[in-house]
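Trainee: Single-letter residue listing:
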Amino acid sequence: MAGPVPRLAVWKFASCDGCQLTLLDCEDELLSLAAEVEIAYFLEASSAPGPGPYDLSLVEGSVTTPADAERIRHVRRVSRRLVTIGACATAGGIQALRDFADVREFASVVYARPEYIATLERSTAISANVPVDFELRGCPIDKRQLLEVITAFLAGRRPVVPRHSVCVECKARGNVCVLVAHGTPCLGPVTQAGCGALCPAYNRGCYGCFGPSETTNTAALNTRLRELGMSDPELVRVYRTFNATEEPFLRASEEAEGDA
Amino acid sequence: MTHKTIRVGGLTRVEGEGALVVRARDGRVVDLRLSIYEPPRFFEALLRGRAYTEPPDITARICGICPVAYQMSACQAIEAACGVEVTGPLRDLRLLLYYGEWIESHALHIYLLHAPDFLGYDSGIAMAADHRVHVERGLALKKAGNELVATLGGRAIHPVNVRVGGFHRVPRRQELAGVAERLREAREHALATVAWVGGFDFPDVEHDYRFLALRHPGEYAILSGSVATGDGGGFPVERWPEHVAEEQVPGTTAMHARLDGAAGYLVGAMARYSLNSGSLSPLARAAARDAGLGDVCRNPFRSIVVRAVEIVHACDEALRIIGGYTEPDAPAVPVEPRPGTGHGASEAPRGTLYHRYRIDADGLIAAADIVPPTSQNQARIEEDLRDLVEPRLGLPREELVALCERVVRNHDPCISCATHFLDLCLDAR
Ligand code: SF4
Ligand code: SF4
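Line by line, the protein sequences give chains A and B. Letter by letter, the first sequence follows residues 1187 to 1446 of the working numbering. Letter by letter, the second sequence follows residues 4 to 432 of the working numbering.
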C-alpha cells in the first residue's frame, strides 16, 4: 500500500484502562499491527507521544470534568476518525451512576475536602460532547471486535459489528438457556452481542455489560424477570450498572422504579 | 535566587494518568508532588445501596489491569461480614485465577512498560525492533496469564465467573490440562526473564523502606493473610482501620496513607519479597539467588527482577494447584447476608489492596471503603523522587525527567486504581 503510514492515537478519559489494555492484550497481533500503523499517541504504552493530526483516534472513558470536556474537543479536532471504545466512552460507564444521585454528596462520601474536586454532575458519553464515527460497546470491549474496527477503518470501510442480542450468540455457541432451563434472571434478550454469550456459558445470567441491543422489549423481559422473583429494586439495579443511561436500559429501570 | 520548575505533563507507561511537579529553589527541592489527574469516579459512594453480591462485578471496574485483585478483596470482605470462609478447592481456584492475573500483569509491566527504561527505548513496541525475541517472549508470557484468567474467569479483563462464595461454574480437570501445557512453557519463559532482567544495569541505590505486605503461614501470601510490617510488627486485616489512615497532607491536596501515624511506607513487589522471600517456591528462590537478589531487596530499580521472580513462583504454584485439582461438589458455598462489617485484603500485583463493607439487614451495602496500593505508595514514591532529584538539579531537563519517570515506574503505580486521589491545583508561581 502506497502513501503514508496511518497514524493511530489512543486517549483516556474517566475509565479503568481496561479497554485500551485490550489493545495490548492482542499479543499475537500487536507487533504486526505496529508494523501497519504508527502508534503515534498512546501514553500507557509509549513515552514518545507524537503531535496530531491522527488518522484514527480510539477514545476510552467518559467525560466527567470541565477540563475533559475541553480536551475531547481538542481530540476531535486532531482526529480524522474518532471511535469510542467501551461502555464508559459509549454510554457514560459505571461512573454515570452519579447521574441518579447528587454528585456533591457522592464527593463528600469519598473525600474529606470535596471542595477540591473538579467534577461534573453527570458522566457523559463521548457522543454527547462531539460527533463520533463509530461506537464499540462492551465493559470491556471484545478483542476480536476491536481488531475488526481498527482493520475496517484502516481499509476505509464500515466495521461489521452485529447489533443483535446475546441470545443469538448463545444459540450459536450451543449454550443451554439459563433463563429458560434454570430460571436464572438474564438480560441476554435485550443486550447486544459481542462477548460470545460469555455469562450463560459460565452458568450465570447476562448482566448487560455490552449495553442494549438494537431492538429491545424490556417490558416483556421485566414481566418475565418479576415472575422469576426479581423485585423492582433488583430490576432497577441490574439495568443501572455499566450502561445505566442508555435509552432502553434507562426506560426499563424507570419503569421498575415507577412500580416500586 | 534560582528557581527551577520541572513539570511532567503526562506520565507515560504507567496505568492511568498522572503528572509530576517539582519545584526547587537554590538547589533544594521545596515542593514535589506526584499528582493524579485521573478524574474521580466515586466507587465508594456508588456502592452504597447495592446488594452484597454486587461488589465483585462493580469494583472490578476500578481497574482493568488488576480486576481479579478487586474481586478477591471484595469477596473476602463480604464473606467475612457474613461469617463465611472459603477454603479447600474453591480457595485453590481463587489462587489459581489470581496467579493468572499476576503473570499477565507482571509480564506487561516488565516487558512493555519497564524494560524499555533499562535498554533505552520509548516503548516495548519500539524495543521490539532490536529485541524482538525478548518482546515476543514477554507477550507469550502475558498471553499465558491471560489464558489462565480467561479459562477460569471467562475473560481476561473483568472476569464474569467470580462470585461471593466462589464461582458460578468451576472448571473441569480437562479444561485446566490445556492451560497447564501453556504454563509449563510460561515457567521456562519466566526463568529466562529473571536471567534477562537480572543482567540489566542497575543504579546503585538503596532506600531504607518500611514495608507492608500480607503474610500467610506456609504461603507466599497473595490471596489472604494477616498484615505484616517491616519493623517486625503486624496486625490482622480486621484491625486495618486502627493502623492505616488516609489523610490529606498539609500543603498538598492528595491523600496519603499513613501507617501508625507515619507516611512513607511501601507496598508491592519489593515489600512482599522482602517480608516473605522464604516462602517462595524453591524454583523461584533459586532463580532469585542466581539473579543476585538477597532475601531482602531495597534497590527500587531491581524491582523488575523481583517481579520476574514472582512470575516464576506464580507459574510454579499454578501448576501445582492444577496438578492436585479435584472438582469441588459445588461451585460456591452459600453466603447469607447479615448485618455487620467485613474486611478483606489481598496482594494485587502492585501491592496490598484493602476493602471494607458495612452490610445492613437487607443485604445492602451501607458503607464501603477501598484502599488501593497506589495511594499507600504515593508518599514513598515522592520520597524516592526527592532523593533522586535534589542532587541532580543541574542535569539537563530531559535527562532529569526521564530519570523521574523511571523512578515512578519502578513502583508500577496504577493510577486508575487510585479511587480517591484528589484533583490537585497548585499555586503556580
Ligand atoms: S441464557 Fe440468556 S442470553 Fe442465552 S438464550 Fe437464554 S436468555 Fe438469551
Ligand atoms: S453475557 Fe452479558 S454481562 Fe456477560 S459478558 Fe456478555 S454482555 Fe457482558
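Please keep in mind that the hints were generated in silico from the structure rather than gathered at the bench. Keep in mind that the hints are not guaranteed to be accurate.
Covered stretches of chain A (in silico footprint by chain B; criterion: 3 or more residues with CB under 8 Å from a CB of chain B, positions within the stretch not fixed) [to be verified]:
#	segment
1	1209 to 1219
2	1261 to 1270
3	1422 to 1428
Not close to chain B: a few residues of chain A, all C-beta gaps over 12 Å, as computed [to be verified]:
#	residue
4	Leu1283
5	Lys1329
6	Ala1358
7	Glu1400
8	Arg1410
C-beta: ideal position from N, C-alpha, C; glycine also.
Trainee: Run every hint past the structure and note whether it holds.
Mentor: A quick look at each hint next to the structure:
1. Counting residues of the segment 1209 to 1219 of chain A whose C-beta sits closer than 8 Å to any C-beta of chain B gives 6, which meets the bar of three, so the coverage hint holds.
2. Counting residues of the segment 1261 to 1270 of chain A whose beta carbon lies closer than 8 Å to any beta carbon of chain B gives 0, which falls below the threshold of three, so the coverage claim is violated.
3. Coverage of a stretch by a chain is defined here by at least three residues with a beta carbon nearer than 8 Å to that chain's beta carbons; for the segment 1422 to 1428 of chain A and chain B the count is 3, and the condition holds.
4. The claim that A/Leu1283 lies off the interface is violated: its Cβ sits roughly 4 Å from the closest Cβ of chain B, which falls inside the 12 Å cut-off.
5. The beta carbon of A/Lys1329 is not kept farther than 12 Å from every beta carbon of chain B, the shortest such distance being approximately 8 Å.
6. Interface exclusion of A/Ala1358 from chain B stands, the closest Cβ pair being 17 Å apart, more than 12 Å.
7. For A/Glu1400, the condition that its CB be more than 12 Å from all CB atoms of chain B holds, with the nearest at approximately 23 Å.
8. Against chain B, the non-interface label of A/Arg1410 holds: every CB pair exceeds 12 Å, the least being about 20 Å.
In terms of the numbered hints stated before, the structure departs from hints 2, 4 and 5, listed from lowest to highest.
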